[in-house]
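K.L.:
Kindly generate the complete structure, drawing on both the sequences and the hints.
Chains W and A are the protein sequences, given in the same order.
So the first sequence is numbered by the working numbering: it starts at 1 and just counts up by one.
So the second sequence is numbered by the working numbering: it starts at 1 and just counts up by one.
Please note that the accuracy of each hint is not assured.
Heads up, the list lumps identical chains together, so a pair's fine if it works in one copy or across two of them.
Stated by the list, open to error - Taking lysine-lysine pairs in the DSBU-like style, the calculated list, with each CA pair at most 35 Å apart, reads:
| no. | residue 1 | residue 2 |
| --- | --- | --- |
| 1 | 377 | 17 |
| 2 | 62 | 73 |
| 3 | 164 | 392 |
| 4 | 384 | 247 |
| 5 | 73 | 5 |
| 6 | 353 | 377 |
| 7 | 396 | 362 |
| 8 | 69 | 392 |
| 9 | 399 | 362 |
| 10 | 192 | 396 |
| 11 | 73 | 247 |
Hints in this document: simulated from the structure, not taken from any laboratory.
Chain residues, written in single-letter form:
Number of protein chains: 2
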Amino acid sequence: MALIKTPVTGMKDILPKEMEIRNYVISQIQETYASFGFSQMETPCVEHIENLCSKQGGENEKLIFKILKRGEKLNVEAATTEAEVVDGGLRYDQTLPLARYYANNNKDLLGPFKALNIGNVWRADRPQKGRFRQFMQCDIDILGESTNIAEIELILATSTLLGKIGFKNFTIRINDRRFLKAMAAYSGFEEKDYDDIFITLDKMDKIGLSGVKEELLASGYEAESVEKYLDLFANVTGDLKGVSYLKETLGDFLPADCAEGLSEIMEAVDQTRTAEFNTLFDPTLVRGMSYYTGTIFEISMDEFGSSVGGGGRYDEMIGRFTGQDVPACGFSIGFERIVMLLMERDFKVPTAKEKVALLLEKNLSSEKKIEALRDAKELREAGKSVFLTVMKKNKKFQKTQLGEHGYTEFKEYFNR
Amino acid sequence: MALIKTPVTGMKDILPKEMEIRNYVISQIQETYASFGFSQMETPCVEHIENLCSKQGGENEKLIFKILKRGEKLNVEAATTEAEVVDGGLRYDQTLPLARYYANNNKDLLGPFKALNIGNVWRADRPQKGRFRQFMQCDIDILGESTNIAEIELILATSTLLGKIGFKNFTIRINDRRFLKAMAAYSGFEEKDYDDIFITLDKMDKIGLSGVKEELLASGYEAESVEKYLDLFANVTGDLKGVSYLKETLGDFLPADCAEGLSEIMEAVDQTRTAEFNTLFDPTLVRGMSYYTGTIFEISMDEFGSSVGGGGRYDEMIGRFTGQDVPACGFSIGFERIVMLLMERDFKVPTAKEKVALLLEKNLSSEKKIEALRDAKELREAGKSVFLTVMKKNKKFQKTQLGEHGYTEFKEYFNR
Chain W
1 MALIKTPVTG MKDILPKEME IRNYVISQIQ ETYASFGFSQ METPCVEHIE
51 NLCSKQGGEN EKLIFKILKR GEKLNVEAAT TEAEVVDGGL RYDQTLPLAR
101 YYANNNKDLL GPFKALNIGN VWRADRPQKG RFRQFMQCDI DILGESTNIA
151 EIELILATST LLGKIGFKNF TIRINDRRFL KAMAAYSGFE EKDYDDIFIT
201 LDKMDKIGLS GVKEELLASG YEAESVEKYL DLFANVTGDL KGVSYLKETL
251 GDFLPADCAE GLSEIMEAVD QTRTAEFNTL FDPTLVRGMS YYTGTIFEIS
301 MDEFGSSVGG GGRYDEMIGR FTGQDVPACG FSIGFERIVM LLMERDFKVP
351 TAKEKVALLL EKNLSSEKKI EALRDAKELR EAGKSVFLTV MKKNKKFQKT
401 QLGEHGYTEF KEYFNR
Chain A
1 MALIKTPVTG MKDILPKEME IRNYVISQIQ ETYASFGFSQ METPCVEHIE
51 NLCSKQGGEN EKLIFKILKR GEKLNVEAAT TEAEVVDGGL RYDQTLPLAR
101 YYANNNKDLL GPFKALNIGN VWRADRPQKG RFRQFMQCDI DILGESTNIA
151 EIELILATST LLGKIGFKNF TIRINDRRFL KAMAAYSGFE EKDYDDIFIT
201 LDKMDKIGLS GVKEELLASG YEAESVEKYL DLFANVTGDL KGVSYLKETL
251 GDFLPADCAE GLSEIMEAVD QTRTAEFNTL FDPTLVRGMS YYTGTIFEIS
301 MDEFGSSVGG GGRYDEMIGR FTGQDVPACG FSIGFERIVM LLMERDFKVP
351 TAKEKVALLL EKNLSSEKKI EALRDAKELR EAGKSVFLTV MKKNKKFQKT
401 QLGEHGYTEF KEYFNR
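P.N.:
Printed below as a string of structure tokens:
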């Protein structure tokens with residue numbers, strides 16, 4: 001029986017042209033983040049199913065590619081539930097594996113641990129254009145740093161990277177989960193309703209103030225609270241003044257150091273950044289993941305409708321492995337989106353080698369073959385990429401094809 | 001419930017120190033193979049279970065990490081066999097995925113296709129020291145090249161790479177499956193017995209000529225054939241003369257171009273190589289995989305008992321996807337072994353950045369923080385790796401720890 005030629009549903013073969021761009025972006029990531037003192041680490045692609053299915057997963061649990069038990073541990077015939085036949089799964093993000101890694105290896109790591117984590121994750125999402133079931137994530141995280149030095153360095157490193165690979169005029173939007181909570185509390189909402197309210201708030205950029213108001217009222221919240229809540233958003237600005245306004249207005253609803261901490265992040269970033277971008281205080285920024293505990297951030301670019309990266313502080317994740325909380329803050333860039341954008345721009349990798357093709361007449365003598373190999377050796381030592389191949393009957397067509405793959409210089413070898 | 005801190009059985013977390021060496025080796029692989037005209041490509045980690053379990057797999061099939069079906073397609077309760085509950089598996093090598101990739105993407109690839117394929121593979125082997133269930137493979141393959149230019153370039157590229165990362169005095173042993181067959185036929189063995197005979201022959205380096213003889217006789221083969229067979233091995237030498245000797249002795253049992261082809265490979269490699277190594281004609285070299293059809297090769301190093309790489313020609317693999325055979329030849333290096341050896345040698349990555357740590361007094365003012373960040377920016381722009389962190393009470397111990405992680409230069413920041 002013939003084998004199946006196409007990749008499995010929702011995953012893709014990566015062609016050399018895209019691979020070249022991916023490798024270039026990865027090399028820039030490694031270079032840049034190393035300069036910020038991040039160390040690259042790696043976890044296995046497979047994680048314990050117990051860890052992946054712990055409640056933090058939520059919706060993600062359904063999307064896990066689960067791995068069958070093996071050998072004697074597996075009894076398909078007797079099994080009636082999924083749980084009985086699986087013992088592992090492919091990681092669906094890198095945050096949970098990083099927390100496990102830190103809990104497992106802390107004694108061998110420099111503290112604070114500044115981690116660079118580049119790797120594939122797998123999610124059995126419904127396949128759609130530009131979204132795949134295997135995709136690369138690229139995260140930086142600082143574990144064990146409770147001060148806002150973590151946030152500042154994460155934002156500076158990420159923006160420096162984006163600048164290096166040619167992006168400018170992007171916006172980094174910043175908020176703090178504690179602002180979100182304080183604004184809701186100040187307006188008179190009950191804590192049990194916060195998550196629901198934030199889901200509506202998150203739609204602000206799509207449905208606007210009036211849309212959010214309508215939806216909150218439709219959900220049955222007190223008109224007075226909704227009014228008070230939306231007044232805050234109507235009055236706040238996206239700069240340091242906006243932070244001060246909320247600090248004054250919210251008073252004791254806001255933890256003491258929250259506003260100063262955020263202002264300091266914005267100011268420090270503005271004064272020491274290398275790339276061209278804007279920082280924006282955005283009190284409507286929610287970020288979906290429930291594990292965030294403090295600052296949250298997101299990058300947007302005009303070329304994209306949605307975010308090309310984001311992150312925040314999640315001080316309580318590692319405690320789930322060790323019983324003891326460790327301050328943690330991370331920033332993830334949308335690697336696949338960035339690659340896609342570079343592909344669309346027909347980006348030329350600046351570090352690519354010059355390409356030379358050596359065409360050898362069919363049945364070339366040993367002596368001539370060795371001559372060609374010697375030439376190839378010299379050209380390679382001079383930094384070029386040399387493609388040595390047998391000359392085809394239709395040499396012109398062959399050269400055209402080679403040209404399409406970047407080979408523009410040719411040398412030919414004949415028996416006489 | 002607390003989560004599980006350790007990685008899944010048989011897989012490992014990679015610490016920053018090892019990661020640095022891995023990344024360095026990968027960068028040298030990419031650089032070197034690009035100079036030989038190889039293009040990097042990638043397939044998804046998950047493959048169709050039908051492809052993985054096609055008969056080529058053999059023993060490997062039992063080692064596959066299989067992936068559970070999802071959603072409506074899965075009915076654990078009704079299922080009685082593994083096949084009913086799985087639809088994919090993690091790849092256990094890169095050769096089958098490469099053949100599928102080529103069959104799927106041939107129209108977009110330059111012919112011959114010179115592929116560099118670096119990626120993890122997964123095998124549920126019994127865990128043992130130094131062997132893991134997830135490990136990196138690094139293969140180069142030339143698809144669509146029927147002449148021995150493929151073999152020559154593969155050997156030159158691989159040996160150049162090994163030389164660049166500091167290995168010398170390794171040996172590349174070369175044979176051809178057609179020699180193996182011709183020697184068995186000449187000695188009077190039956191074709192149905194070849195595989196069994198080769199399994200015994202493969203033990204030559206461990207049990208010697210007399211051991212092989214005993215085992216063949218014990219298996220019930222004709223004494224006359226065994227005698228004739230072993231005479232060949234007793235008389236052959238590991239150089240071009242050995243190839244000539246077999247050519248003359250085997251006569252018509254050997255395909256016409258086989259000996260010349262092999263001699264030419266050895267001669268061309270010897271005359272145009274860049275690294276210091278030996279090539280050796282080794283008619284006892286078998287290579288386990290049944291898919292090899294012609295030349296086979298293997299690298300050995302004194303530091304290791306066993307092989308650190310190998311490969312060969314497998315002209316019939318791609319036909320299993322397309323119905324049409326495509327000449328193919330590949331060379332794989334033992335990436336994990338090479339990394340292990342470099343770790344043991346306490347290898348220092350030559351491209352590593354100089355490391356500077358900036359220590360900030362606790363509760364440093366915004367102004368001073370920004371001063372430190374400016375210094376960090378300058379140092380980073382000068383190519384250094386800068387680690388910015390809060391000064392601990394026990395500063396001496398902190399510096400010792402930083403020193404252990406390569407930070408030997410310090411700068412301190414105080415409020416006054």
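K.L.:
Mind listing which of the numbered hints don't hold for this structure, in increasing order?
P.N.:
Violated hints: 4, 8, 10, 11; rest satisfied.
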